[in-house]
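Chemist: If you want the building blocks of each chain, they are given just below.
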Amino acid sequence: MSLPISLDHVTHAYKTASGPLPVLDDLSIDMPEGSFTAVVGPSGCGKSTLTRLIAGLMKPDEGIVRLGGQPVTGPRKTVGMAFQNPVLLEWRSILQNVILPLEIVGGLSKTQREDRARELLALVGLEGFEDKRPSELSGGMRQRASLCRSIVHRPEVLILDEPFGALDAFTREDLWQTMHDLRRAERFTCVLITHDLRESVFLSDRTVVFSARPARAQRIVEIDLGDTRGLDDLYAPRAVELLATLRREIQIAQGREVAQ
Amino acid sequence: MIALRKIAVPLMAMVVFLILWEALVWANGWPNFVMASPSDLPQAYTRYWELFLTGGWQTLWRTVAGLMIAVIVGTLIGMIMGFSRTAREALYPLLVGFNAIPKATVVPILALLFVGQHDFNTVMLAFMISFFPIAVSVSIGLSTLEPEYRDILRSLGASNATIFWKIALPKTLPEFFGALKVAVTLAFIGTNLMEIVSPHGRGLGALFDSGRTNADYPLMFAVLIALAILGIALFYVVVALEKIFAGWAERPQS
Numbered sequence: 001m002s003l004p005i006s007l008d009h010v011t012h013a014y015k016t017a018s019g020p021l022p023v024l025d026d027l028s029i030d031m032p033e034g035s036f037t038a039v040v041g042p043s044g045c046g047k048s049t050l051t052r053l054i055a056g057l058m059k060p061d062e063g064i065v066r067l068g069g070q071p072v073t074g075p076r077k078t079v080g081m082a083f084q085n086p087v088l089l090e091w092r093s094i095l096q097n098v099i100l101p102l103e104i105v106g107g108l109s110k111t112q113r114e115d116r117a118r119e120l121l122a123l124v125g126l127e128g129f130e131d132k133r134p135s136e137l138s139g140g141m142r143q144r145a146s147l148c149r150s151i152v153h154r155p156e157v158l159i160l161d162e163p164f165g166a167l168d169a170f171t172r173e174d175l176w177q178t179m180h181d182l183r184r185a186e187r188f189t190c191v192l193i194t195h196d197l198r199e200s201v202f203l204s205d206r207t208v209v210f211s212a213r214p215a216r217a218q219r220i221v222e223i224d225l226g227d228t229r230g231l232d233d234l235y236a237p238r239a240v241e242l243l244a245t246l247r248r249e250i251q252i253a254q255g256r257e258v259a260q
Numbered sequence: 001m002i003a004l005r006k007i008a009v010p011l012m013a014m015v016v017f018l019i020l021w022e023a024l025v026w027a028n029g030w031p032n033f034v035m036a037s038p039s040d041l042p043q044a045y046t047r048y049w050e051l052f053l054t055g056g057w058q059t060l061w062r063t064v065a066g067l068m069i070a071v072i073v074g075t076l077i078g079m080i081m082g083f084s085r086t087a088r089e090a091l092y093p094l095l096v097g098f099n100a101i102p103k104a105t106v107v108p109i110l111a112l113l114f115v116g117q118h119d120f121n122t123v124m125l126a127f128m129i130s131f132f133p134i135a136v137s138v139s140i141g142l143s144t145l146e147p148e149y150r151d152i153l154r155s156l157g158a159s160n161a162t163i164f165w166k167i168a169l170p171k172t173l174p175e176f177f178g179a180l181k182v183a184v185t186l187a188f189i190g191t192n193l194m195e196i197v198s199p200h201g202r203g204l205g206a207l208f209d210s211g212r213t214n215a216d217y218p219l220m221f222a223v224l225i226a227l228a229i230l231g232i233a234l235f236y237v238v239v240a241l242e243k244i245f246a247g248w249a250e251r252p253q254s
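For the record, the sequence lines run as chains Y and E.
Residue numbering for the first sequence is 1 to 260, as defined by full-length UniProt numbering.
Residue numbering for the second sequence is 1 to 254, as defined by full-length UniProt numbering.
Source of the hints: derived by calculation from the structure; they are not laboratory data.
It cannot be assumed that every hint is accurate.
[Claimed, not checked] Below 25 Å or equal to it, Euclidean Cα-Cα: the simulated DSS-like pairs (lysine-lysine) are: (1) E:243 x E:166; (2) Y:77 x Y:110; (3) Y:77 x Y:59; (4) Y:15 x Y:59; (5) E:166 x Y:77; (6) E:181 x E:6; (7) Y:110 x Y:132; (8) E:243 x Y:132; (9) Y:110 x E:166; (10) E:166 x Y:132.
Let the hints inform the model, and build the full structure from the sequences given.
Modeler: Okay, structure coming up:
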């Protein structure tokens, strides 16, 4: 199961001591069911605000966020989240960490929960590490476990807020592959916040470039590289062209280059 | 080998300490009424053995009772301060002020408020002297919880109570036990303070006081050693509890 996400003229501002700070400005984006959308943009442009709005952790000042046509009014059990910080619970084993969302959502028996978690851990290459504590794992492995936790309850919407941002380059590329594997095995509509343009080109179907704060959707770039991508494909002419386009858009967003 | 080191080394250190103490008294030629030496102690213990047992028990249970109240009240205050900024700003100066008051001055106040309730007064003082570190550590543990921890459960619609039980509480346990180690010795000091300072006290503190009035120096030192042993025992009970409930926070040493 997966649901389309749509943002309909969403505007949001934070209340600060020195008056309201607008972060999102009349943002309208449609993310089809099962699609993978990457969001890139200058630092502090409101990308994380977007994830909190979709997750139902905040309400926008104006406009509507819809999941599957239904307005988001609060948190719902059909959302999964992963962050740059894997935030694993140190007192639980890796397996029990992955099971955590199932305890909240409920419904499955104890063995069913364990089987589901084991299945995902095997899928991301963490077989044999189920009983280890998070502190015994490397950063990349912890992030893999965090990804498993974000999809263990079969969410319809997966929100990734720079989950690969703190990893070294090679580990990051490994995890991109893992992300592709997960997408093939599970079905969800995914939003990925990232600062890495290669990441957005490798993983997404379309990449939205945000302008500087308050963010608008400055440009939406379709990433027409097909469903089966290898790391080598990042150096193919079409991918390089897409990267150059995105790079230019970011510079425009940063105000360093004027749009033609 | 590891067990040997864990038990034998501290024991050796104690033996060395006793030998140095004995040597110091012997070298200075101090008589008993200036400073007792370790070799005087066995006699004091055998003579007053029953008083040590009853006194030790009284000191022990009142310390533990005071500490338990401190854990409950300290955790509650810590929770209130950890979850509400307003409460934190309101309560912090009050708590710091209260903690800064020398607790010896509280003894006569308590004694006047609850005349003759010696047990109650002692437990109260043990509580009052020891809840502060617990409240502060719990509040810091809760207020520094990274928002992502909350968000992974909140985004699934989990209630604040669920977030508290599943994440906030266990995550605070290492800080809590750190504070409890401080609190357990403080509570112990509180109990003894009341026992020594208030007239007609009970427990080891009162035994110390009677040693003082009778100029029985070996008895006074024997009480001090007994207090130290009780204190060590209580401390290691907390360490054992910490191993059980927060052992995960210990990193394997390499």
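Chemist: Are the hints correct? Go through all of them and say.
Modeler: For each hint, the structure was consulted:
no.	hint	in the structure
1	E:243 x E:166	holds, 19 Å
2	Y:77 x Y:110	holds, 19 Å
3	Y:77 x Y:59	holds, 17 Å
4	Y:15 x Y:59	holds, 13 Å
5	E:166 x Y:77	holds, 17 Å
6	E:181 x E:6	holds, 19 Å
7	Y:110 x Y:132	holds, 19 Å
8	E:243 x Y:132	holds, 18 Å
9	Y:110 x E:166	holds, 17 Å
10	E:166 x Y:132	holds, 19 Å
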